[in-house]
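Trainee: The chain contents come next:
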Amino acid sequence: MSAVPSAPDPLSAVTAALVESNDRLLGLIGLTGAAFRSLEEDELLDTVVWPTIELLQLEQCTIGGAIERHWTTTTADATTADAHVWQTSRELDSGRLELLVTRSAEPFGTADTKILEAVANLLGNSIRIARMHADRLTQAVVEREHAQAARLTATALPLTDQPPEIDGVDLWVHARPARTTGGDLFTWFAIDDRIWFAVGDVSGKGLPAAVLMSVAVTMVEAAIHRHHVDGIEHVGDATNRWCFQRFSDADMFLTLAVGCIDPATATAQVMNFGHSPVLVVSPAASKRLEASAPPIGVLLDIQAQVTHLQLSEGDTIALGTDGLTEQFNAAGQAFGEDPFDTLLHASACSPDAATLGQTVLAAVDSHAGGTEQSDDQTLMLVRYSPAARTSTSPQLTIDATHLALRTLGPWLAGALNEFADQGLIERCGEIELALHEVATNVVDHAYAGGADGDQMTIDLRLIDNKLIARICDQGRPFVDPGTRPDPDDPQVRGYGLMIVEQLASTIEQASGSYGNRWTLSFESRPVALPRNTPPNPKGTS
Amino acid sequence: MTLETSSHEIRIGSIPIDGRLDALRAVELREQIAAEVAAGTVRLIIDLRNAEFVDSAGLAALAKGMKTCRERGGDVRIVRSRHADATRVFALTRFDQVFTMADSPEDLLRSW
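Line by line, the protein sequences give chains H and Z. Residues 1 to 541 in our numbering are what the first sequence lists, from first letter to last. Residues 1 to 112 in our numbering are what the second sequence lists, from first letter to last.
Treat the hints as calculated values from the structure; they're not laboratory data. A hint or two may mislead.
Stated by the list, open to error - Every beta carbon over 10 Å from chain Z, so not counted as near; a handful from chain H, in silico:
| id | residue |
| --- | --- |
| 1 | Glu-290 |
| 2 | Leu-309 |
| 3 | Asp-464 |
What the hints assert, rightly or not - If you want a taste of the chain H side facing chain Z, the calculated C-beta under 8 Å gives, among others:
| id | residue |
| --- | --- |
| 4 | Asp-399 |
| 5 | His-402 |
| 6 | Leu-403 |
| 7 | Leu-405 |
| 8 | Arg-406 |
| 9 | Leu-408 |
| 10 | Trp-411 |
| 11 | Gly-496 |
| 12 | Met-498 |
| 13 | Gln-502 |
What the hints assert, rightly or not - Computed Cβ-Cβ distance ranges for the label pairs, DEER-style:
| id | chain 1 | residue 1 | chain 2 | residue 2 | range |
| --- | --- | --- | --- | --- | --- |
| 14 | Z | His-83 | H | Val-306 | 52 to 62 Å |
| 15 | Z | Pro-16 | H | Leu-403 | 19 to 29 Å |
| 16 | Z | Glu-31 | H | Asp-161 | 54 to 64 Å |
| 17 | Z | Glu-71 | H | Arg-288 | 49 to 59 Å |
Note that this is a predicted model, so its numbers are computed, not measured. Cβ atoms here follow ideal geometry from the backbone N, Cα and C, with glycine treated the same way.
The following block holds chain Z by itself, in its conformation from the complex (with noise of 0.2 Å):
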């Protein structure tokens, strides 16, 4: 989706993720993030609040995109998880302090 704000327009991506962040659905994450890159949009804001699970390959896709969107003066942004399995591992591997993270994606669209 497409968010704009009210003094200029910036094109900022959201992607929601539901259930497991795992090896599998990092595949997809990396392929949508890759998409929004190709069609310009390198301000993204990953929306965990519902996923479940997030292990060390999901952290992978994210850190990805994120060194990707940076490089275009963009980010990753992260709407936090509402259970602790899927935060857990953005703490154990200090992730937590790399990504601009937060509870809601207005809090991130404040942010930018």
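One chain only, chain H, in its complex shape (with noise of 0.2 Å):
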């Protein structure tokens, strides 16, 4: 490639550095079109370090400081004492780069030079690329490893699919994580009789935010162990008592509501400490279970207020957490609590939790329609449902019209004869009656000038001998006018209400935005006409 003058002929000494710098120009062009085909250092700095060697007939190269490599040609071994030396170094964020060359030949002039000095920028830039590749790999595993390790700690939640069967109470939940961990966490236990349930949310996200939600979820299943002999308190204290430290010591906080319900007694104990969206759903009345107690890593002692309720069947309590309200569309709007909790109380006569959930989550996605999820989503359901076991019920919905009543009685006489029980299969003529006079009021009032679609749902549930009959609408909210007609002052109207009251042993009716719903139960007996009744005075013979 290049040629050592041999001869003193002073127009070949010319030709001979002519050809010479341009055998450099092209050496250097393709040091520096040398195409970098990996991100490897070692392999960075072979492809910068051999073209070089080649160019400037260099005996050895060596760079030392940050790294250690040396690169020495085959006839290196012949060149030692006297070998011209240059040096040079950088400064790099890894440390110093010092670049070592020798050469037997001749001196470095001023072009080796300058050569050299670009070649060590190019070696300079070539290890910070090689480096900042490296790290980027290690970012990418280490994150990755993180996400996993954050869904692993879901581990420790229950499975939602294998809920707790226990008469009286209808638990469903749903929880759908975040692709970023949110720190959601629930759990329960049926314990005598009782299910004790649990929603919370750690603050913060990713992979901390995990970690202390499986602490969390431990403390709470232990404190729930532990302490359901001595009330909902002590279990409250103990989980506020154990999670205090570990918080506190990360700088972090668990907003949590417990509870319990007992089928029994139709009871239900919650506490609240810094959670929402937390509520009661009774399609009577829905309302807030508001804090009563800070979030737990933030205060050692702190007294919670026990809320406790009486439940009526069908009542649900409802834990969400705050990834639900606070789920954005595309215009960025929050789909809201206080839409969320109309939702709910809108659809607090759905026939079963589940139905409700899905209602609920139906509604979440319709407001998000796409916007990526931000935070777990979380909405666990208790209900009151003390026919929840029992075999499937009985139901027939019908158009809200005086036509369509007339199935009624039939379908009633089939419903009643496969719960095989005697007594209310005797009580079919009345039970037909109530329920029709319940019926014609939803057509002649819910419903009252009713249009297309307009529609009803009965159905049937045995409970202990107990037939319970419900009858549901989307009408208009039924009035109560408070008085029953005289017996003894006939008049025309106004005894259908007086006839359900006498035929049903009790009778709950709930109305709201979401229509109206009666309950009633019929005892399996039969039911003595009012007494005292003197014979007909007007009647004949």
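Hey, can you piece these two chains together into the complex? The hints should help.
Mentor: Here you go:
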């Protein structure tokens, strides 16, 4: 490639110099044009050093400082003592880079040193690129491991498709983790015919929140196990004491609602440490169960109030996390707490907890309209449902017309035969009359001036030899006139409810924006007709 | 129909109800009673022997008819159903003490 001048001929010397200069330029172009085929540090340095050795006829090249590498040519053995040496250095983020090269053939001229300075720059940049690439790879691996670890903490949670089976309680839960773990937790236990339940949210996101979540859920479960006999105050107190130090040290906190429901007494108790949304959903009136204490991890000594609830059939304790109420849509609007409450209340008549839950999730999804979920979303519904575990309830949905009411009797007779309760079968006519009168009220009042599509649903359940019949509509709220006709002063209207009241053992009626729900119960025995009925004074023979 | 007694002529209308006397049938019954009254017949026998079901709407139609007729010196009297599901509503509302009821039209005719 290059030629060492062998003759004093000035012309050939100039020619040789020109050729050499041209060779160097080509070599330099080759050096800078070398394609980096790898981002590995060693290969990057080789890509720069070997062309440099060839270009400048170097025997040795040594890089020292932050990294140690040495290159030598096959002829390097002969060149030791009288070799020409040139060196330079660069300061890199990762340390000092020292470049030392040797050549026996001739001293390093100005052009050589310019090229070597450029090579030093190139080596410095190559090392930077390689290190950045390596860092990026490491970071990606760490991130992936973080995400995996965060997901694995969810193994501390119970399986949502295996809720506890206990008579009188219908429990449903759904948990949707966000891409970056949000720290939602939930758990449940069936102990002594009662259901304990908890939903919480660890502040923050990612692996730290996930790790503390798994710690917290363990603490909540331990507190329930150890203190369920002592009462919910002790469960809440133990959870707070055991979690406080861990959360306080981590500068994080836990919002938590814990409760228990006793189907035998139709009562529930709830403690709320700064958590929302928590509410009791009832067709009659739903209400929020506001926090009565700060989140866990903020104060060691806290006295949380216990909310005591007397439940009616179908009442549902709903525990969500802020991932639901704060789900954004494309316009950047959150779903909102008030709409969340309203939605639950409007769906209070749902036949079971799962239906209610799916309604809520569908509404949140509809609001999001494809906007990514930014936080974990957890919804637990605990419904007091005395008949939850009995056989499937017969159900009839009919148009709200007088003509459709004529199907009620045959349907009822079939359903009562299925129940095979002789005492109820004998009362079929009475029960039909009572249901018929309520249904007539629905047609005439709830749906007065009715439209196509107006419907009502009637379902029956058998509990302890008692028939529970429900009639639900989506019409106008029922207004009880408060008075009943005086039997001794006959009038033309208003006997419907009087008849129902005499036939059913109990009548519950709830109304709201969702419509009306009537719940009638019938004992499995004949009711006595009004007594002291004197013989018909106007009757004949 | 018109029934006649031997002593003097009294027009007595009779309306038989078969099957269900519910809100739908009650509309028709009101019209039937109104037509009889318009024709001057204010003594009516509602024959419920073959009625299988009577609800409060049916009862209301009967009560309205009874009031209208009594105001005009007549009455609505009832032949009892053979079905418990149709007589129940009269007992529950004590209308069995308000209406003159009998087991046959003949018994009711004798009452007039």
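Trainee: For every hint, state whether the structure bears it out.
Mentor: Hint check results:
no., hint, verdict
1, Glu-290, "holds (45 Å)"
2, Leu-309, "holds (36 Å)"
3, Asp-464, "holds (26 Å)"
4, Asp-399, "violated (13 Å)"
5, His-402, "holds (4 Å)"
6, Leu-403, "holds (6 Å)"
7, Leu-405, "holds (7 Å)"
8, Arg-406, "holds (7 Å)"
9, Leu-408, "violated (10 Å)"
10, Trp-411, "violated (14 Å)"
11, Gly-496, "holds (4 Å)"
12, Met-498, "holds (6 Å)"
13, Gln-502, "holds (5 Å)"
14, His-83(Z) x Val-306(H): 52 to 62 Å, "holds (56 Å)"
15, Pro-16(Z) x Leu-403(H): 19 to 29 Å, "holds (21 Å)"
16, Glu-31(Z) x Asp-161(H): 54 to 64 Å, "holds (60 Å)"
17, Glu-71(Z) x Arg-288(H): 49 to 59 Å, "holds (58 Å)"
Hint check: violations occur at hints 4, 9, 10; the rest are consistent with the structure.
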